[in-house]
Amino acid sequence: ETGVTQTPRHLVMGMTNKKSLKCEQHLGHNAMYWYKQSAKKPLELMFVYSLEERVENNSVPSRFSPECPNSSHLFLHLHTLQPEDSALYLCASSQDAGLGDTEAFFGQGTRLTVV
Amino acid sequence: QKEVEQDPGPLSVPEGAIVSLNCTYSNSAFQYFMWYRQYSRKGPELLMYTYSSGNKEDGRFTAQVDKSSKYISLFIRDSQPSDSATYLCAMISPYGQNFVFGPGTRLSVLP
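Residue numbers (my numbering), protein chains in the order written: chain U, 1 to 115; chain F, 116 to 226.
Keep in mind that a hint or two might mislead.
[As the list claims (entries may be wrong)] Dumping the calculated DSSO-like pairs for lysine-lysine here, alpha-carbon to alpha-carbon at most 30 Å:
no. : chain 1 : residue 1 : chain 2 : residue 2
1   : F       : Lys182    : F       : Lys117
2   : U       : Lys36     : U       : Lys19
3   : F       : Lys182    : U       : Lys36
4   : F       : Lys117    : U       : Lys41
5   : F       : Lys117    : U       : Lys36
6   : F       : Lys185    : U       : Lys41
7   : F       : Lys117    : U       : Lys18
8   : F       : Lys117    : F       : Lys185
9   : F       : Lys157    : U       : Lys22
10  : U       : Lys18     : F       : Lys157
11  : U       : Lys22     : U       : Lys36
12  : F       : Lys157    : U       : Lys19
13  : F       : Lys157    : F       : Lys117
14  : U       : Lys19     : F       : Lys171
These are calculated hints, taken from the structure and not from any lab test.
Turn these sequences into a full structure, and let the hints guide you.
Here's what the structure looks like:
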């Protein structure tokens with residue numbers, strides 16, 4: 001149990017579907033992150049939230065829409081995805097963002113397949 | 116030049132061997148370094164973190180940081196088949212609220 005829980009673990013969706021990924025952390029952290037992990041590529045940061053405010057968005061297509069209703073929950077809303085969006089989507093949290101002395105803890109990820 | 120470079124492997128070693136995993140980085144401003152282990156179809160699991168140059172030991176694992184060479188290492192002693200996984204190095208970007216990861220090294224420890 002890492003303290004960061006992601007649901008669902010697996011998701012298959014069509015290109016016209018709308019779905020959401022959920023992340024919940026029980027660590028009392030102030031920062032939460034969405035990462036994308038594709039085969040043979042480094043982890044790609046998608047979004048950073050600190051104290052429920054988005055602080056970084058690495059030029060992610062608008063078909064990915066994050067939502068952070070409180071410091072414990074983070075969502076990633078998906079719509080009109082492309083097959084190349086198939087990947088492992090990882091949520092992480094850390095005590096604070098950007099202070100240079102804090103480590104990130106990851107959830108187990110959601111394996112997304114777009115058909 | 117990539118911010119963080121890491122040999123992707125795969126690296127295969129016999130059980131009981133000492134494993135050395137390495138990363139190089141280009142930005143001398145990085146101060147905080149982490150190693151993660153990721154099993155297939157699972158999220159990365161934090162193994163070790165270090166804040167300064169030198170060695171840090173935890174059981175069979177030793178993390179080493181050489182800031183002058185911009186080089187970090189993870190050593191695994193008495194490697195076990197259960198150590199077979201992908202190992203990711205990571206560091207915190209000082210200019211953004213962002214963790215920068217290496218691509219990972221895939222390790223196989225053969226019984």
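Quick rundown of the hints versus the structure:
{"no.": "1", "hint": "F/Lys182 with F/Lys117", "in the structure": "17 Å, holds"}
{"no.": "2", "hint": "U/Lys36 with U/Lys19", "in the structure": "16 Å, holds"}
{"no.": "3", "hint": "F/Lys182 with U/Lys36", "in the structure": "29 Å, holds"}
{"no.": "4", "hint": "F/Lys117 with U/Lys41", "in the structure": "12 Å, holds"}
{"no.": "5", "hint": "F/Lys117 with U/Lys36", "in the structure": "18 Å, holds"}
{"no.": "6", "hint": "F/Lys185 with U/Lys41", "in the structure": "22 Å, holds"}
{"no.": "7", "hint": "F/Lys117 with U/Lys18", "in the structure": "35 Å, violated"}
{"no.": "8", "hint": "F/Lys117 with F/Lys185", "in the structure": "13 Å, holds"}
{"no.": "9", "hint": "F/Lys157 with U/Lys22", "in the structure": "16 Å, holds"}
{"no.": "10", "hint": "U/Lys18 with F/Lys157", "in the structure": "24 Å, holds"}
{"no.": "11", "hint": "U/Lys22 with U/Lys36", "in the structure": "14 Å, holds"}
{"no.": "12", "hint": "F/Lys157 with U/Lys19", "in the structure": "21 Å, holds"}
{"no.": "13", "hint": "F/Lys157 with F/Lys117", "in the structure": "26 Å, holds"}
{"no.": "14", "hint": "U/Lys19 with F/Lys171", "in the structure": "43 Å, violated"}
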